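For reference, the chains in residue letters:
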Amino acid sequence: KNQVEQSPQSLIILEGKNCTLQCNYTVSPFSNLRWYKQDTGRGPVSLTIMTFSENTKSNGRYTATLDADTKQSSLHITASQLSDSASYICVVSLGSNDYKLSFGAGTTVTVRA
Amino acid sequence: DAGVIQSPRHEVTEMGQEVTLRCKPISGHDYLFWYRQTMMRGLELLIYFNNNVPIDDSGMPEDRFSAKMPNASFSTLKIQPSEPRDSAVYFCASSLLPVRDTEAFFGQGTRLTVV
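Protein chains in written order, with this note's numbering: chain A, 765 to 877; chain B, 1254 to 1368.
None of these hints come from the bench; they were simulated from the model.
Wrong hints could be hidden among the right ones.
Claimed, not checked - Subject to a maximum C-alpha distance of 27 Å in a straight line, what follows is the list of computed DSSO-like cross-link-like pairs (lysine-lysine):
#1 A:821 to A:781
#2 B:1331 to B:1277
#3 B:1331 to B:1321
#4 B:1321 to A:835
#5 A:864 to A:835
#6 A:821 to A:835
#7 A:821 to A:864
#8 A:864 to B:1277
#9 B:1331 to A:864
Quick caveat: nothing in here was measured; it's all calculated off a predicted structure.
Same shape as in the complex, but just chain A (with noise of 0.2 Å):
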């Protein structure tokens, strides 16, 4: 069964710390994991896209990895802000599918003052 699993459930930092996600999956075969930010009562925003040859992406202050071996990412979030605070969400693409999104739980975070 493809399943993406996240950790931890949620977490509290201080503003200017840093912070790691965790992904795991099962999916295969594998096509491309991304990292969706999803604000309170807003939609998922695409952080990055990577593919099985693509071991690291930065997108300013998050930089998301990929062990495509272990089937381990984790996306680092460094000097957070208070606007960090949200769910991020570790999607898997299928490779044998072109439309089907195996989506994680979430990560939610909260950033405090």
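With chain A's structure known, arrange chain B on it following the hints.
Okay, now just chain B, sitting in the frame of chain A:
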């Protein structure tokens, strides 16, 4: 482009009533998706259109749910009759290419509450 536009943003209705959710995809995007998001199940694909044609509706939970795409710039998701367990946030998304190969852009969602 204004992105994917959904309406209404919020809908409160009584059980048994018909509900229609609307979506305008990004111009030029040939792929349109309807998703439902709940705390228990996360994001689930309901139905997917390619060039206005429904390709896979296996995610539609029951016959009470139906979706149409009469043209490239408009789609609707209808629930008739609505039930309290339909309460969720419904997202429309669109993509230029098969979503396997490209980014999917989501609308702001419609929060549906059925009482």
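Tested hints:
| no. | hint | in the structure |
| --- | --- | --- |
| 1 | A:821 to A:781 | holds (20 Å) |
| 2 | B:1331 to B:1277 | holds (15 Å) |
| 3 | B:1331 to B:1321 | holds (8 Å) |
| 4 | B:1321 to A:835 | violated (37 Å) |
| 5 | A:864 to A:835 | holds (18 Å) |
| 6 | A:821 to A:835 | holds (16 Å) |
| 7 | A:821 to A:864 | holds (23 Å) |
| 8 | A:864 to B:1277 | holds (21 Å) |
| 9 | B:1331 to A:864 | holds (22 Å) |
Hint 4 from the list above is the single one not met by this structure.
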